[in-house]
Each structure stands twice: as structure tokens, then as C-alpha cells.
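**Q** For reference, the chains in residue letters:
Protein chains: 4
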Amino acid sequence: MAQHTEDSIKRSVAPAIDPNILLNLYTHTRNYSLQLCQSLSEADIQAQSMSDASPLKWHLAHTSWAFETFVLKPFIADYQEFDTDYDYLFNSYYNAIGKQYPRAQRGLLTRPSYHQVLDYRLHVDQRMQSLLNQLKDDSLNKASLKPCIERILLAVNHEQQHQELMLTDIKHLFSFNPINPKLYVDNNNEVSANCEDKLIDSQQAASVCFQEGLYCIGHRDEAFHFDNEGPQHQYYLASFKLDSMLVSNADYSEFIDDGGYQNPLLWLSEAWQKINSEQIQKPLYWQKHQSTWFEFGLSGLKPLKPNAPLKHISFFEANAYANWKGKRLPTEQEWEVAARSQKPELKQMFNQLWQWTSSSYSPYPGFKPAHGAIGEYNGKFMLNQYVLRGGSVATPSGHIRPSYRNFFYADARWQYSGIRLAEDN
Amino acid sequence: MAQHTEDSIKRSVAPAIDPNILLNLYTHTRNYSLQLCQSLSEADIQAQSMSDASPLKWHLAHTSWAFETFVLKPFIADYQEFDTDYDYLFNSYYNAIGKQYPRAQRGLLTRPSYHQVLDYRLHVDQRMQSLLNQLKDDSLNKASLKPCIERILLAVNHEQQHQELMLTDIKHLFSFNPINPKLYVDNNNEVSANCEDKLIDSQQAASVCFQEGLYCIGHRDEAFHFDNEGPQHQYYLASFKLDSMLVSNADYSEFIDDGGYQNPLLWLSEAWQKINSEQIQKPLYWQKHQSTWFEFGLSGLKPLKPNAPLKHISFFEANAYANWKGKRLPTEQEWEVAARSQKPELKQMFNQLWQWTSSSYSPYPGFKPAHGAIGEYNGKFMLNQYVLRGGSVATPSGHIRPSYRNFFYADARWQYSGIRLAEDN
Amino acid sequence: MAQHTEDSIKRSVAPAIDPNILLNLYTHTRNYSLQLCQSLSEADIQAQSMSDASPLKWHLAHTSWAFETFVLKPFIADYQEFDTDYDYLFNSYYNAIGKQYPRAQRGLLTRPSYHQVLDYRLHVDQRMQSLLNQLKDDSLNKASLKPCIERILLAVNHEQQHQELMLTDIKHLFSFNPINPKLYVDNNNEVSANCEDKLIDSQQAASVCFQEGLYCIGHRDEAFHFDNEGPQHQYYLASFKLDSMLVSNADYSEFIDDGGYQNPLLWLSEAWQKINSEQIQKPLYWQKHQSTWFEFGLSGLKPLKPNAPLKHISFFEANAYANWKGKRLPTEQEWEVAARSQKPELKQMFNQLWQWTSSSYSPYPGFKPAHGAIGEYNGKFMLNQYVLRGGSVATPSGHIRPSYRNFFYADARWQYSGIRLAEDN
Amino acid sequence: MAQHTEDSIKRSVAPAIDPNILLNLYTHTRNYSLQLCQSLSEADIQAQSMSDASPLKWHLAHTSWAFETFVLKPFIADYQEFDTDYDYLFNSYYNAIGKQYPRAQRGLLTRPSYHQVLDYRLHVDQRMQSLLNQLKDDSLNKASLKPCIERILLAVNHEQQHQELMLTDIKHLFSFNPINPKLYVDNNNEVSANCEDKLIDSQQAASVCFQEGLYCIGHRDEAFHFDNEGPQHQYYLASFKLDSMLVSNADYSEFIDDGGYQNPLLWLSEAWQKINSEQIQKPLYWQKHQSTWFEFGLSGLKPLKPNAPLKHISFFEANAYANWKGKRLPTEQEWEVAARSQKPELKQMFNQLWQWTSSSYSPYPGFKPAHGAIGEYNGKFMLNQYVLRGGSVATPSGHIRPSYRNFFYADARWQYSGIRLAEDN
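Chains as they are written, first to last, in this note's numbering: chain A, 365 to 789; chain B, 365 to 789; chain C, 365 to 789; chain D, 365 to 789.
Since the hints were derived computationally from the structure, they do not count as laboratory data.
Hints may contain errors.
Same chains, same names: a pair is fine if it fits in one copy or spans any two.
[To be verified] With a Cα cut of at most 30 Å, we get these calculated BS3-like pairs of lysine-lysine: (1) K689 <-> K732; (2) K638 <-> K669; (3) K732 <-> K638; (4) K646 <-> K463; (5) K666 <-> K463; (6) K691 <-> K652; (7) K732 <-> K707; (8) K689 <-> K463; (9) K463 <-> K652; (10) K638 <-> K652; (11) K463 <-> K546; (12) K463 <-> K691; (13) K562 <-> K546; (14) K638 <-> K463.
Construct all of the structure, not just a fragment, from the sequences and the given hints.
**A** Structure, rendered in C-alpha cells:
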């Protein structure tokens, strides 16, 4: 579910930030969204492959709507909306703001056109830049600027989250096309633009031990973070072991060859129903051609790399694989403690693949929804979803931190999700 | 269901035709398909509003595929396909030719791009024009040309059928957009391009009487027609009466105001379930704003015209309305006999709205499927569909003839369908 | 769909009938319903295997409700209903009489108990017998009795129709039980009670020819019949041929062995989707055990009899088989003309298996719904269903006549339906 | 989901127990299952109201199958099964033992008959009693008996869990019947058999405070418990407050009257979809007649008691109500700590209503599945379900303990579930 990107906008704490840095951050973020669409046609950014994914054009418009709704309207007195219809068309799910166009039909909104959406972005950018320049005025009371800066930071982070979704959504769309379209064309002479090339090969995993104890969990400094990363709190953990490496494609092939998908004893009850009713027998983007595995990626269809970390895997599959190995998934607290430990043995922790934890997504002890419109729905998605940690190669690097909590339904596979195993000590 | 357009290609009889006329016909037909897309963006022609409708880009490619598959490949010895993948992507449902890309996912095929589809059309056009020019060679044996001309005529008629679907499909797509996009912008200074402007107002209907007798039904001359229009056969009819006019919007408003949609006694059992489960309370494109009816059309949202003939109505609604009036729908044989009678009282018979008949779509007595690949599936759609007659304002005029049989499921509403009532005498 | 049994009650013409005969008919009919349940437990008559089938207890109650509603209440001035709740519980679909308990949940009505339903039947029987005895009074004006007699005849015929459904519904229920329960236990020393034993073996079929002409179709004498069997009307038929025999199990095995279920060219488009989505590869009650075919029947699981006529077949399957044989199904008019011809070559025409025709169920020309409550919904089911003719071994013998029209959806298989093929001449 | 009852059998620790006590326990448990069916007809115990519920006859057979499969077969050398078909018919979901009859179709198994199922129970009882008598033999090695006693205790507890489901399933079935059947007829002169009469009225709730600390969670003595109640482990809790009383019907009426079901801001995202798509506007068994609330119960339809604790509520509803009150649900650890505290202010903690916690059902730290057949599926249901604590009036009293974890999907309403609110301190 892409909803988490929305959720996050409502829960954050803004740090003190230099207005010049903020303007740079804004400009860079906004440009990058357009850059992602550079090689794509109007058709590519219009289509919607499933209800959980959105057209890229919609992402472009919705992220602009977020600046308009949560920054420009509240902080510019006489702000004129670009188009009053957009409140209905590009509101994702904020019931307090009004009704929303049905999510599953976003691909039918061929109007406003791409051109109009670009105009919309320009309109927002101009007003945002003007606002950001005003913030530089030294004569202003710094304290009075804080709410505005906080909102801007939020909306920037929100757009960055959508950038990851833009990549996973276009990949999902292209995967339905039998001619295997490419977002990125290989170019040996240049540094690759394809984030998938940043994946580091897995090697033989070692078990890394952690002691029992009362640990501190959650965000702990002044830097930007989302509300669901806090409040910081104590959590008691028994001793445990964590694998130093992510599970590789070769590892998972053994599971397949051993009949993993045919053995009900490895699967959760719901998972077993799902893989049978949808005839799931392999990871989402794997294809077998004449007994050789290939994998569909942002550069098209390629032979499967055995040592690359396994990706686009559901919680169901991750859990079944762990059972087959006689291990288990880590809890999100275990993962965070390990990540903070900075032990040198631990590899591929950040910015490689989101790592499924066994933790159901729920509020931390003492979590309080923010007051006002933005915080009104805290916890709206805290049900039946599972936490992932670590960030992926598609995640904007500014988002990478030990406390970051991503969450998806147990059957979701279109995100850059992988497996790291744990054990009791 | 748009399937009928496919069906028709397999069943036709080609007349003798002058090759120059054929070339003109070909060129005009091909151009008109592009003309229909003139004011549309790549996004507009990419989106698919439901499984029964197709993206316009797909129509453009599929009609070209039909020329390639049924004319160029069989009649040009060394013909090189434009792209061998297209046999899978743009085959609608010919199992004998091979597997087909799932109908409901046509909107996800953002590649080949619009540009590539236009290239595909050009490729086909060049080879078709060359073939058509060869046919003019007087030294050729006319008889030997017949199969080729027959196929060309078929494929031309096939593309014309798709042109009607392009209009109904884009209208259906736009109807999901709350900002009511327009295919045609009103322009008072020019002749309207909007076929909907060709609808003639209904007036007070009279009952026109027809005598009992053994009538001749079905296609009866050498002009082009589809196989399902024949064979010509005798059919006994008791005397009957037919209304001289189509039911108007005002007529149907009375039905609504009288609680027609709330009275189970007027509806077929399946219809009653359908309108309740989908909460249908009005014709497909009607909208009520502050107690005034509006209608969405190819020129956007307009106040409902009371005297215009009622359109976009299902068989279910047509039948319920007939029950409410104490009348009935005509059989397709009654309609054809009336149409052939050329009685001057009878208005709006042709090229206005498809008129629902009470006849289930089934083969005429003595109907034999054609031999060979093209005829293999005759009757594949002759189940649970109902016949419409007369053609609509969106129907290419060359298709208008008394024997022409269109057919759709009883709940279909996105075609230009209307109501003419009949009675026993 | 069992709806046809309801439909029929509303459309009939009552003949002159001797009151003593009527009393006998009534008594015999009512007893037979109970007899059908004789070997069954309360659990057996409570369960409902699908929405189209009903629990036998519900049939017992509903047929009594029909006498109460359509005879006792209108014709006995001070009639006291047995239980006013029953109008809701046991009304099948008469919207004019009131709301109905949801069809799919009839199996959940464990109360009223079997015992209470038997009391209900007794209550109705006592009052009906008293009414029937009054009708014998010679001093009464015969003409004034006619409406009452007509209704009684209707309700008797209605209960007889439900008796066939009771057999097909219990068979369907038992077929879900892996231990293959038997309604009838074999008993070699007695005449079998199992109607399935009355099936006559098929032999080599001959083609029987019929001349073209204007034929008279529909019910033509004063005997009881349902409204949908009339009005009698003229119908023009071209010459045709009809097989003298029903298709046998051995015939159909050849179709299966030849890959009939895997060949899309033989199937209607909807049929092909259905057999694929539901993985249909054989007739409903066939089971293969170690490469030998067995068939589940009212006496349990038995080896398939090759020469027995093929039964429990859908219109879809019948049509595909006909295509495979290069023949077709007869129209209902052809069937009726053949049946009336009494040609000696024609075998297994009546009381063996319902024979699918290619005719969509629709009103005969000039058909008028009866006035008043009973006739209000004429034609309610005249959509998307196909006509079967001839009656089956499960059909009460009084119902067998050339004009009788049964009708079911094209995918229905739980009735005693079979195949007789036709050809153009 | 009733699956938890199955789950539990696989995970338990058996205490030392006197064989005479065990025989008494066995006999009492087995008799009580039959007692629950005493006033019911064969039809009542045959019907299945939904896939999550089972027919009572199936419960009677399945619990016997559990003794046969997990006790008699492993521990009696020459044990003869009552009927080998039963392994397929009455296996709930143990894939290692073999395939299972589809859960949703259990109501179609009218055979074996009630009588045969009673014979089955008798067969099992005789062999179990004989086995239990052997255990009394003082010459036996106590240690060698332990595995057998452990299994017997498990199977007894398993049957007790099914007894609660028998009550909730029959109540659910009866609720579909518009004539409101009663399991128990009121009898003022006798002690009521209706467990619902044991509900204690709620009064004004007070907030009870608990200190932060490292608490011990999970089962902690030798008495019988299920595996999922352990291992005992440390858990850090911040200070919190718990309401002393369950939420009452009157409390919840205020929520309804305040538009609680219409306010999206109170509901989880999935919950909001659910209550809208299923039009849920009130607790499962509430009915409004002429603006007065009634509640359907085991003694039929009765006026709603304002002070009685609110029951048959989903997690979704519980969570929305908590939001409306500005409070939250307790975690399962908070609930357990409170329950163990034995603070006198705390009322209605045990044996009244299952109390929803905010905790997703997941394994305790260090949890290890048992080895062998019985333990093979540990954790199979540990996904997307939420923990309830405390037991209900329908729960066998032997099951009541602070560590007992029940679990259901967030939308489940047919169990005796209620609400107790918590707050941060």
C-alpha cells in the first residue's frame, strides 16, 4: 500500500534548518520527480497497473497538491489555488479536507493533461520559491517561522517518499508488458542511473550476537523524522542473533528447488491460501525461460544474478523461507538495535533492500497523534501491516536512518523488499 | 461487448467493386480513424475505462493488425511483418491465430508507443496501397482477385465498426472524469464535427400497422454484408404495430418520475437484481444537479434536451419502459419488415440510435459458418446477447442497411442505443 | 434455476375437470412430496447445496404456501393462516405479495422445524380437502367454480414441478458428500423406485427428415397447460433433420477423448471462459477412478453405462458437442413439430431427458400476461435462458406434452438434461 | 476465526494430574458437548451460517476425531478407527495428517447422520474410558504416562474450546432466522442455563493506575496452558491506566447517537471501508424496532439492557469507540499485568467478555514450536489477528487464567467480545 507515504506527512518533527539549505533541498527534490519521468511518454505516466499503485502523473500532481494544501494555503494569506477541482482529484485520502476521487480509477484521469500538471507544478514552485526566499530575511522572528519550516520539510519528505513509489509503480506497470520495456537503457560508458545497479552482492552470512537488555528504541535527536518513529522508549530484548547478510537469489532458488512453494508446513495459513489461489510459485519479477531464470528490472529482462540479494518478496514468502531455514524474521526492535550497534560484520543494512520484520505495524508506547488537521488520522493504517526497515536502493538517501519504519501488507511484493534472518540465542 | 466488431470480419460476402473505388474507400477509412484521435492526447488514447472498452491506441493498432493478418500475409508472398510481437498484443480473440493479451489489461500496454503505432499504420498503409494499385492492372484475371478484394472489404468494414467503438469508448472514459472533458469543442461558426448533433428530435409517435404474412428476412442483394445477415429466409409474422418515433428524454423522465426504477413489477428478474446491486436510477450519462437533469456528451455536460431521443439505455431499461407503457419491444424481424416497407410515417429508423429488439442474437435458419480460418468461430457470440437495429449517429453511413444486426448484452449502456416500441395488432 | 416452477403457476388454462378426479389428483400429489422425503433425515432436507437449489423442507413448505396464498386465502372467506410469518419465509419471489427471505439463505432456516412444516402441510390439506369436497356439490353453478378449480389445478401442477426439483436438488446436495449417499438403496427383488432406472439405452441414431412449411406451434386443446405454451401460432420452418436417438455416454466419451474440452473452436465465447475458470472437463456427475469412469446417481456411485443417454449436461456442453459432430441443436419449434409428428423412428422423445434446444426462452407472438396478481410478472424470466423440451424421468408424467417448455441458464447442469442433434436438410 | 481452537491443541504443557480427576474431567467435558445440543433438532445442528462457523454436528464429530487422532491411534497399539472416511471429513486443517473437506461446505455433510456421529462419540468414549482406567494402575511408571496424559489433557481442552464455539455458532445461525429462535427458554423458577444471564452490569468506570517496570509476562506455573501462553518472558511497560469496568450498551449508544459510525476520523482505514461496504451501523445483534433497541440473544429477542456490558463487537468498532472517548485499547501485556495485580477496583476482568487488546497476535520471544506432528504448524495463524483476553461467559471456567490468549480477525463480531479502555499515564 502506498498509503504510508501519506501517513508520514502527518507525523514529523522539524529540526532547525538553514533557509538556504531548505531552498536547495526543495529545488533538488522537485527536479528529481521530473527527472524520473524524463524518458517516459505521456502514456507511460498515465497508466495504473493496480489499485495500490498510482499513475506517475498522479504522483506529480498529488505531491504539488500537498505543498498547496499544507504549506501555501495555510501560510500565504491571499494564495490563489491553481485549480479548485484539484482538491478532489489529487487528495489521496484526507477525509477532513474533503471527498477523494476513487483510488482505483486514477488511471482514468487523462485530464488534466501532462502539460497542465507541469503548469501546476510550476505554479506551486514559483510560490514556494518566493516563500522560501522570504524565510531568509534575518529580521524575522525565528520562532514564528518554525511551523512553516516544519510543514515545508514535511512536504519535501512526502515528495521524496513518492519518488520511491514512482519507481516501484512504473516497474510494476512495465512488468505487465510482454515486450519488457526499460526505464533505463544500459550505457556502459556512463555511471548508471538505474538504482538497481547499486545493489551489493550477498556473500556467506555470519551470525552476529546481541545481548539481552533494556534498549532505547525510536528517534532520538533533533533531525527530521516522522511521528511514528517516536516517542523514544525503552524496550526489553532477550539476546538474539542476526544474519550479517541479506538472503541471495541463489539461496532462494534452493528453497524453490526444494519444493518450498508446495509445502504447506512452511506457510502461514493465509499465505498458503494466497499462493494457491493466485498460483504463486516464484518471486514477482522472476521468469523462467527454457529452465533458466531471468529477472525483470528497470533495465528490462536480464539473466538472474545468483549472488544479488533477493528482492520483491512478500512477508509471506520471507516468513516461509525463514521457516525452511529453521530461523525467523527479526522484530523491528531487534533490527533497530542491530542497526544502531554499527557492528562492522553487519552488511547491506541500509539503502539496499527493505527488510521485512516480524512486527505488526502499531503505535509506539505513548504515541500521541498530532493536533490539528495534519495529525487527525494518526494510526489510520496501523492494522494488518508489517514493518520493514533499512531503506532500499530506490529510497532517497536522506530518508535512511535506524528509526525509519516502512510498512506494507503481508502479501505486497512490488516494493524493493528482501530478507535478513534472525535467531534466538 | 465490442466483440461483435470482430465477429463481423469473419462473415461477409464481397460484391464486385471497382479497384479505384476500393482504394478511395481504404484511404478514407484509414484517415478517419486518425482524425478521430486528432484532438486527443497520448494519455487519452491510452486509458481503458472497462474491460468491454479498449484504448483508442489499441483500436488503431488492432485494425492495422487485421489488414496485416487477413490481407497482407495471405496475399503478399514475401510480406514482412512490422513486428512479430504484435500478433500477441493486437489479436483480439482469434484462438486459431494464437494466444491473446488479456483484454482487461489493454490499457497497460503503454508500449508500443503512439508514435510506433502510427509507424505501424504507415507500414501497413504503404503495402496496402501498393497492393490496391496492383489490383487496377487490367491484365489481371478478375475472378482470381475476388478473394483478395473480399478480404480488403472485410477489413475496411471491420475498421469502420471500430470507429464507432472509438467514439463510444472515449465517451465512456471521459464520463469517469469529474471535469467533464470534451471530445468536440462547440464552434458555432462551423459545421459540427460532433455526430451527436445529428440526432433529430422526437415528436408525438403514431402507431404504424403491418399485415401478417410470410416475409423475406435477411440480406438480399450483392452489396457488401456480414454473414450473420443471411442467409435470406422466410419468416412468418402476425400483424403488428410499430411506433413512428423513438422514445424521447421527456418520455423517459415520466417513467422515472412515476417510480419506474423502484417498481419490481416492470423489470425482468435479472434486471431487477442488476439495477439494485449497482444502484441504477437513471440513464448512464444523465446527471442531476439541483433538481435539473444534465447529460454528458461528446461536447461535455449540457442541459438535457427533452425532445431529443433517449440514448445510452440498456435492454433492461428498454424492456421496463415498454412494460410501463403497456407495449413491447419489436422483434428483429418486425423491425426489418418495417424498415423495408419504407412507409413515410416511420421516422428516425436509420442512423439515429440503435434500437433494441426483443430478439436474442442467434443464427438465421440455414446459417453455415464460412470455411477456413476466418470463419472458424461463427456463432461464438450467439448467446445471451440481444439484437439492435438501425445504426446510430456514430455508425459509419456505409453500414446502414435494413439487414444489419448489431448485438450486445442486455445490461450494456455505453453504445448509442434507444427505444422504439411495438404492439400486437 | 428453479424459478420456472414459480413462473408456471401464473400462466395456465384450466380445463373442465371432475371434482372427484381433482381430489384424487390433489391427494396423490401431496402424498408424493412426502414420499420423496421418506428415506431422508431432517439434516438431509435442511441443507442447501447452492443458491439455485432449495432445501427439501423449503420445497415442502413453499408448495403448501402456494395453496394457502393462491387458493385458500382467495376462495375461503374466513381462512386463518397457519402462521403469518410464513408469507415472508416461504414466498419464493412474488414481489406483489411482499418481501422474500433471501434465496441463498434458505438452508439457514432450521426453524420452523420439519415437524412444524408437516403440521403446516396437514393444516393446508384439511382445508383443501374440505374445499374440494364442497366442489362436488351438484347444486353449485359450474361456471362459478371455474376460477377456483383453475387455481387448484395450477397449484397442483406447481407442486409437481417442485417434485422434480426435489430430486435434482437432493442429488446435487449428495454429490458434495465424498461418501456418496444414496437416496434409493438397490433392491433386486422389487420394482425400483429410482426414476433413473427408467432411462432407455440409446442405439445408433438415424436422421429423420421433416419438410418445410408453416406449422402450428403451441398448446392446442383444452387440457391443462401453462400460459407460456401459448398462444398457438403459425411458424414457418425450412426443412430439417432430427436424430432419432439421444446422445449416449459412449458418444460423449469420444468427444472428451478427442480433446473436446481443450478445443476453443468448439465452444461459445462465454462457455470457453466458464469451463476454464471453473476447470470443467467432464459432465457434472462423472468421476474418474483409476482411468475408469463412474457416475454419481440417486443410488450412489456406479460404473458409467456406455449406452445410457448422456445426462446432466449444460447448454454450453451440448452446443460444443454438436459443433464437434458438425451438427447443431434443434430449435424448440423443430422439436415440437417432430414430437407432434409421432414418427415411429423417433425414440426417447418424452420422459427420458430434457433436451436442450437452441431457442432462447422468449414469449410466443401474441403472448399476453394474465390479469391480476398471479399474472403480474409474466416474462420475468424470459431472458438469457434456453428452452428444453420433452421432460425427464424425474418429471411427473402428467406434465409430459409436446408444448411443454422448460428453461434454464446455459451453464445449468443439475437438471436431467441431455442432447438430441439436428441438421439442416 | 475458529481456527484458534485447533491451534491450541498443538501447544500445551501438561501438569501432573490424578488419573481419577482426569477421568472425571473427560466425562464431564464430553457430556457437556451433548448437553449443548439437547434442545436442538437435527436441522439446527446441521446448518452452517458462514465459513468461519461450523455446524454443531461437525463440532461433535471433530472433537471426537481429535481424541482418536491424537490419543487413541498413537497410544493404543491395535486401535481400530471407527470409520476411515472421517479422517478426511473431520480433520479441520492438519495438512500433515492429510487433505481436508472444504471448510465452507461442512454444512453440506448431512451424512454421517447425527445418529452415526453419536455412535462415533460412544465408540471413542468407550476406548478412552478404558484407557483412562488403565492409567490408574499404580504399578505403572508415572514418567512413561506423561506423554499420554498430556495429550488427553490437550484434547479435553480442545473440546472445551469448541464448546464456546458451539454457543457462538448456533447463536450466529439463529440470528439469520427472522423468527428469532431460542436456544434457552426462559424459566423463572430455575437457575438459568443461559450463560448470557451471568453477565454483570457495568457501572461508572474508574481509572486504575499501573507503574512502569519490567514485568514478567506469560504462563508461570505447572498447570495446564497452551504453548502460545509462553515462554514466560520479561516485558518493559511504561506506566498506564486501565478502566475498572467494561463499556456498557448505554455508553456505546452515545457513540452511535453522536454519529460514530458516520465519522471517518474515528476509524482505521480498513475499518472504514468495511463498515461502508457492508453498511454496518450497529453492533451485530442489535435491532431497532420503532426507535427502540432490542438485542438478539440465546433466549431470543429482548429489549436492550442499557447497563449490560456491550458485546459482539469487532476490533474495528472497539478501536473507533476508544478514539471517540480519547482513550485507547490496552496492549495484551498491560491487560495481563493488570489481571495479575488483583486490584479490587478492577471488575469484570474474567469470564464476562473477551476484551480486545491492541496487540497483534504474534509469538512470544523465544517461542519454539513443539516437535513432531502436533506442533508442526505453530504460528500458522499468527498473522493479521488481534489478541483478546479474559474469557467470556461462554468460556469453560477451567480456561480462565491471566495468560490465556484468544485471537480473531479485526472484523470478527460473532464471539462474546467487549471493550475495556486504557490510557497513557
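**Q** All hints are to be evaluated individually against the structure, with a verdict given for each.
**A** Do the hints match the structure? See the list:
1. When the C-alpha separation of K689 and K732 is checked against a cutoff of 30 Å, the pair qualifies only between copies, where the shortest distance is 14 Å, while the shortest distance within a copy is 39 Å.
2. When the C-alpha separation of K638 and K669 is checked against a cutoff of 30 Å, the pair qualifies only within one copy, where the shortest distance is 27 Å, while the shortest distance between copies is 40 Å.
3. In the homo-oligomer, the alpha carbons of K732 and K638 lie at most 30 Å apart only across protomers (25 Å), although the nearest pairing inside one protomer, at 35 Å, exceeds that limit.
4. Only between protomers do K646 and K463 lie at most 30 Å apart by alpha-carbon distance; the minimum there is 23 Å, versus 39 Å within a single protomer.
5. In this homomeric assembly, K666 and K463 come within 30 Å of each other (Cα to Cα) only across copies, at 24 Å, whereas the closest approach inside a single copy is 43 Å.
6. When the C-alpha separation of K691 and K652 is checked against a cutoff of 30 Å, the pair qualifies only within one copy, where the shortest distance is 28 Å, while the shortest distance between copies is 43 Å.
7. Within a single copy, K732 and K707 get their C-alpha atoms only as close as 33 Å, which misses the 30 Å cut-off; across copies the closest is 28 Å, which meets it.
8. In this homomeric assembly, K689 and K463 come within 30 Å of each other (Cα to Cα) only across copies, at 25 Å, whereas the closest approach inside a single copy is 47 Å.
9. In this assembly of identical chains, the alpha carbons of K463 and K652 lie at most 30 Å apart only when taken from different copies (19 Å versus 44 Å within one copy).
10. Proximity of K638 to K652 under the C-alpha cut-off of 30 Å is found in both arrangements, the shortest distances being 21 Å within a copy and 29 Å between copies.
11. For the identical chains of this complex, K463 and K546 are inter-copy neighbours only, at 24 Å across copies versus 36 Å inside a copy, given an alpha-carbon limit of 30 Å.
12. Within a single copy, K463 and K691 get their C-alpha atoms only as close as 46 Å, which misses the 30 Å cut-off; across copies the closest is 27 Å, which meets it.
13. Taking CA atoms no more than 30 Å apart as the test, K562 paired with K546 passes inside one copy only; the shortest distance there is 17 Å, against 46 Å between copies.
14. Only between protomers do K638 and K463 lie at most 30 Å apart by alpha-carbon distance; the minimum there is 17 Å, versus 32 Å within a single protomer.
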